[in-house]
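Participant: Sequence:
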Amino acid sequence: MKNFILTIALVLTSAFGFSQEEHKGITITVTIDNAKNDKGKVLMSLHTSDTFMKGKGIVDAESEIKDGKVTITFENVKPGDYAIMALHDENGNERMDFQENGMPLESYGMSNNVMSFGPPQYDDAKFKVEDKDLELNIRF
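Under my numbering, the final residue of the sequence shown carries the number 140; numbering is consecutive throughout.
Derived by calculation from the structure, the hints in this document are not laboratory data.
Hints are not guaranteed to be accurate.
[Claimed, not checked] List time: in silico EDC-like cross-link candidates among lysine to aspartate or glutamate, alpha-carbon distance up to 16 Å:
(1) 39 <-> 97
(2) 69 <-> 38
(3) 24 <-> 130
(4) 66 <-> 97
(5) 56 <-> 94
Computed from a predicted model, the values in this text were never measured in an experiment.
Sequences are here, hints too, so could you generate the full structure?
Facilitator: Set out below in structure tokens:
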């Protein structure tokens, strides 16, 4: 009887452990290694098509810059399509600053390293999160 109870407990513990693993999201590690200086910080946002270019992302993060490099990690991301936007906020006002002609004063980048004239497009920056952790590099 004792062995039977221990066996049941072991089976339930194993089943619970596997079910917890299935609910764990994916980790996305993003590096930027070409910031032009260490002033301010880098702001980064993980977006869906619903939040892209509309302010805050579904997850927002920030990091200090050291030797022109930054690493930010987004954890427990569910499978799906996403895009990441990054801004080198040199003056710490937590927004992008522009010249009088509309050109950005601060460096920015996005997933897939798309550089285009005009506002970024979600379809150009999106990537798929499936069942493996991701490592991305964004260039300013």
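Participant: Compare the structure with each hint and give your call.
Facilitator: Checked hints:
1. 39 <-> 97: 15 Å, holds
2. 69 <-> 38: Between residue 69 and residue 38 the Cα gap is close to 8 Å, so the pair holds against 16 Å.
3. 24 <-> 130: 12 Å, holds
4. 66 <-> 97: 22 Å, violated
5. 56 <-> 94: 11 Å, holds
Checked against the numbered hints above, the structure violates only hint 4.
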